[in-house]
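> Each protein sequence line maps, in turn, to chains P and V. Residue numbers for the first sequence follow this note's numbering, beginning at 1 and rising by one. Residue numbers for the second sequence follow this note's numbering, beginning at 1 and rising by one.
There's no promise every hint is true.
[What the hints assert, rightly or not] Taking lysine to aspartate or glutamate pairs in the EDC-like style, the calculated list, with each CA pair at most 20 Å apart, reads:
#  : chain 1 : residue 1 : chain 2 : residue 2
1  : P       : K751      : V       : D257
2  : V       : K42       : P       : E271
3  : P       : K629      : V       : E168
4  : V       : K44       : P       : E115
5  : V       : K41       : P       : E115
6  : P       : K293      : P       : E271
7  : P       : K687      : V       : E39
8  : P       : K687      : V       : D257
9  : V       : K42       : P       : E677
10 : V       : K206      : V       : D238
11 : V       : K85       : V       : E168
12 : V       : K274      : V       : D257
13 : V       : K42       : P       : E557
14 : P       : K118      : V       : D33
15 : V       : K41       : P       : E272
16 : V       : K44       : P       : E135
17 : P       : K687      : V       : D33
18 : P       : K288      : P       : E115
[Unchecked claim] Have a look at the derived ranges for each label pair, beta carbon to beta carbon:
#  : chain 1 : residue 1 : chain 2 : residue 2 : range
19 : P       : N760      : V       : P82       : 40 to 48 Å
20 : V       : T278      : P       : V19       : 28 to 36 Å
21 : V       : T80       : P       : K415      : 45 to 53 Å
22 : P       : V19       : V       : T11       : 39 to 47 Å
For the record, the hints were derived by calculation from the structure and aren't laboratory data. Note that beta-carbon positions come from the ideal geometry of N, C-alpha and C, so glycine has one too.
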Amino acid sequence: MAKKYVGQGIPMLNAVEKVTGTMCFGADFTLPGVLYGKILRSPISHGRIVKIDTSEARRLPGVAAVIAGPELDLPLFTARGQRIDDDRVMVKDKVHYVGDEIAAVAAVDEETALEAIKLIEVEYSELPALFSPEEAMQPGAPKIHDHLPSNVADHIEYQIGDVEKAFAESDIIVEDEFYTGMVHQAYLEPQSVVAQWECTGKVIIWAPVQVPQSLRYSYARALGIKPEQIRIIQCNVGGGFGAKQECKIHPIAALLSKYSGQPVKIVNTREEEFMATFPRMPMRIHMKIGATKDGTLLAKESRFIGDNGAYTNYGIGIMVSAITRHDNLYRIKNIKTTSDLVYTNKPATNAFRGFGNPQSHFAFESLLDILANKLNMDPAELRLKNATQTGDVTPYGWKIGSCGLSECIEKATAKADWQRKRQEKKAGEVVRGIGLACCLHVSGNRTFLPFFDGAAAFLRIDEEGQVTIQVGEPDIGQGSKTVLAQMAADELGITPDQITVINVDTSSSPHGLGTFGDRVTTLAGNAVKDAAVKAREVIIKYAAEKLNVPKEELEIEDGLIKVRGKSDLRVAFKDISQIASYDRGGGTIQVTGTFVPQDVAVVDPQTKHGNVSCAYPFVAQVAEVEVNKTTGEVKVIYLSAAHDLGKVINPLLAEGQIQGAVAQGIGFALFEDLKLENGSTESNFRKYRIAKATDMPKIDTIFVETDDPNGPYGAKGLAEPALTPIAPAIANAIYNAVGIRLKELPMTPEKVLAALKAENN
Amino acid sequence: MQDPIYLKPETLDRALDYLTEYPQATLWAGGTDLIVHLEHKKLKVSGIIDLTSIPELRFIEDCGDKVRIGALTTIYEIQTSPVIKKEFAFLAQAALVLASWQIRTLATIGGNIVTAAPSAETGCPLILLDGNIIVQSKNGERKIPTNQFFKGPGKCDLAPGEIVKEIELEKLPHGYQTIYQKERLRRSMDIALANAACVLNLDGDKCQEVRIGLGAVAPVPMRAVKTEAVLNGQVMSDELVEKAAQTAASECKPITDIRATADYRRDLIYALVKRQLTALWKAGAE
């Protein structure tokens, strides 16, 4: 059946609400009688709490509840499904970084709550603080978490093939060290929550979040209650990028509600966002690659050190993703990897668009460029020679059902006029250069959430023929509500605007794992498609009865059910919906669609072997830069981005994803840097620079459709890998322009100029 | 805690009355810095005198040999004024790169100079021009030469009870060229890591007179007198420009902060001065 809406660039179905500013986001949501919560955060990086006195705060008029970690002795917990219990909703007796939650106040207004916070007296006994993983790994370093064996939260070591032999057989070996800095997701809407602890013991949390169902399990442990006591109602999300998962302000608001008997709202300030939410994990990566003279990659050895910050959250999953994923991009058979995930007295790092991949690909794709240069080989040719192909089973056991990597490289370079620009004469004060980088990703990731994989959808057709769909995967701004509606519209033969995909409410939505790992289009899409196919069967059955024709002869188009070839025999979708509803005593058509990907496995904890996803997207991006040799300034002037996303469901939204990713990628590459000042990462948008429209290059977007066997209509993920290659592509372009190799992000003008001066001396 | 007093005079005289009555009150010009400070609780105010409704302080007037600019003239008005563009092109260039479009429509030139940031966009052009900052108090008017107004980061020559009224600037003689540029980490909405302004009068290739101002590399926008001495009376050449740029880099007094090191700021001053002198020299010789 030809698709009418799948493949069409229809605007987001809720675009009008967004652009007119009328959409109610999580930070806008409120309830009658709501109190305002504020949090007392640690002013020191590391220390014991000797004494805490909340009595003055309690006496302040307008204060309804004061809670303090040392007084409550809350249980240890961590994010759902993760291994290390190292966190508490508020600290017990020790603070681990500047920003750590100690106590909280609920009051009639924000000002009173803030004033009460200032009245809480805390006496600390300071401990030496550790700001770098290398320092924290030293034997004898002060321990950040008393109950854990050391500051190394997780150590991984594995080997595939025979690395020693493969290096011995290599003609050329390149080796270098890279570092990626701490950057923040910088979403527009800060973390926010309204919580109500009802007298029955039921806790309702309204929050803009990516993983509502999982939060029930995390917070049940954090609060020492049962998951069935917790209901999460997802609000519209003003940007997530991985950060809007577990966040301690949610259970803190719940506790404040418990002790005040009223609903409590907390909205982070931007300063709190930078100080105490979840930046991307900085990594130091040492990497070595061996190849033959003709450019065949033989061996790779890497050592990763990840800056975990104060708590682990999804840190282990991020590290596993960082160390393993890029090894599946090219055909390398001999791999040896070591990694350490290390606590420091800094904010807990966590997921940020790419989940470890932007870090590892910066190192890997830079080192490949170094190798190409040593081989005197076109970097594009080196990649093409080794590129993974459709049908490959990688050394990690990944089954590559579709792979457009080679096509992406060819198309991205052709569009960017690669050959000519690469060999252009490089002279003058402002020099242009061009660089290529690639990456791959997953469409759903089985690695770090072992419970199950897949997705489900509830689809309901009411008596007016309007369709409501529930999935467990929130739309966090990327437009998945629209994309899922397009799929259902095609299967049901109606228009997308008759379909509403609603926010997740854990008391009525399917148990979806949520929005992360580029899983929504592929997994939830398949579930929605399945639901729509099943609902269509019900509609057709009733229509066949009504029209008195065999159901095989019926088709649905533009809201009309017709007998194929007979234009006069027809009935409206809307009328059949009513007939079906009334026939069932008012029970509207309701179906459940499911998708459980086959042949996807939880990764073996030792060998890291296992097919983590049902579909793998691939990307090649070419960046063109201008480098000012006197000031070190780098401008990205052009980018061609070729994406194998399987199938484009909505080109308008897909292009939007790429543009947004480019902005975040340029910030990561060139100027975003969450620096420590007196141990704190507190910042604001004046000091912390994200890319603005004026920093954006012209972007040519190229979609490569490889029609994945497991994706709905062939579709795979897109949003995360769109960011990953940008930093290495820019680094490679700088090298092409001025012959210097930047190995540390961000590549600020100051660092570029220093490298240029070092090169000239 | 008492709520701050909020007053909105419609004449300068009334504003001065209020200021006498509430000497601790804070003056609101464009509010683009003030509001941020209040929001971030970095500033406590006992009262606000909102000057935004005083039309007599918002004008640009061409008076023949002088140009007068009212203190409440917005940065956007400076940026787009045909008079400013003709007489002091570099002041319009500086206005164009100040913060964002939205801020430029609110921020005022009076506010920009009173805030006295070392990186202030209008600072470098103003100290290179002959003219005065005119301030008014109940006791009368006081004229402060533009190059003596800035006293330190956040400090200027403004006494209690005084309000900046206008800036009067003498026009540059015929043939004088000007330029302003800034270096920053991101291409818009960013504070200068370093900025520079230059006024140059050439006779053929000979430098008759040069004035160079450097910003964000000293406590106040500074005049690069040693660099000017290298150039004045000399015939322009690549070597001379190089020497001047190096002199500027060595005579500025930058600090290291979270945005850049002092050394890098010197590198930027070198680049800016070299670029500006080259641009004006080549343009002037044509």
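> It remains to establish, for every hint, whether it holds in the given structure.
Hint-by-hint comparison with the structure:
1. Proposed proximity of K751(P) and D257(V) is supported: the alpha carbons are some 15 Å apart, at most 20 Å.
2. Restraint check for K42(V) and E271(P): the C-alpha separation of about 13 Å stays at or below 20 Å, so the hint holds.
3. Our distance criterion of 20 Å between C-alpha atoms is broken by K629(P) and E168(V), whose separation comes to about 40 Å.
4. Of the pairs offered as hints, the one joining K44(V) and E115(P) holds, with about 15 Å between alpha carbons and a cut-off of 20 Å not exceeded.
5. Restraint check for K41(V) and E115(P): satisfied, since their Cα atoms lie roughly 13 Å apart, inside the 20 Å limit.
6. Taken as a hint, the K293(P) and E271(P) pair is broken in the structure, with Cα atoms around 52 Å apart against an allowance of 20 Å.
7. Our distance criterion of 20 Å between C-alpha atoms is met by K687(P) and E39(V), whose separation comes to about 16 Å.
8. Taking the CA atoms of K687(P) and D257(V), the gap is about 12 Å. The hint holds against a cut of 20 Å.
9. For a cut-off of 20 Å, the pair hint linking K42(V) to E677(P) stands: about 18 Å separates their Cα positions.
10. Under the criterion of a C-alpha separation no larger than 20 Å, the hint pairing K206(V) with D238(V) is consistent with the structure, at around 13 Å.
11. Proximity of K85(V) to E168(V) is assessed by CA-CA distance (about 16 Å); at most 20 Å being required, the pair is judged to hold.
12. Note on K274(V) and D257(V): the hinted pairing is violated, with a Cα-Cα distance of about 24 Å set against a maximum of 20 Å.
13. Between the alpha carbons of K42(V) and E557(P) the distance comes to roughly 62 Å, so the proposed pair goes past 20 Å and is violated.
14. Restraint check for K118(P) and D33(V): the C-alpha separation of about 26 Å exceeds 20 Å, so the hint is violated.
15. Proposed proximity of K41(V) and E272(P) is supported: the alpha carbons are some 14 Å apart, at most 20 Å.
16. Between the alpha carbons of K44(V) and E135(P) the distance comes to roughly 41 Å, so the proposed pair goes past 20 Å and is violated.
17. Annotation: proposed proximity of K687(P) to D33(V) holds, straight-line Cα distance about 15 Å (limit 20 Å).
18. Straight-line distance between C-alpha atoms of K288(P) and E115(P) comes to about 55 Å, which puts the hinted pair past the 20 Å bound.
19. A hinted range of 40 to 48 Å for the beta carbons of N760(P) and P82(V) is consistent with their spacing of about 46 Å.
20. Separation of T278(V) from V19(P) is about 46 Å and departs from the stated range, judged on CB atoms against 28 to 36 Å.
21. Checked against the given bound of 45 to 53 Å, the beta carbons of T80(V) and K415(P), roughly 39 Å apart, lie outside it.
22. Restraint check, V19(P) to T11(V): a C-beta distance of roughly 42 Å satisfies the suggested window 39 to 47 Å.
In summary, the structure is inconsistent with hints 3, 6, 12, 13, 14, 16, 18, 20, 21 from the numbered list given earlier, while agreeing with the others.
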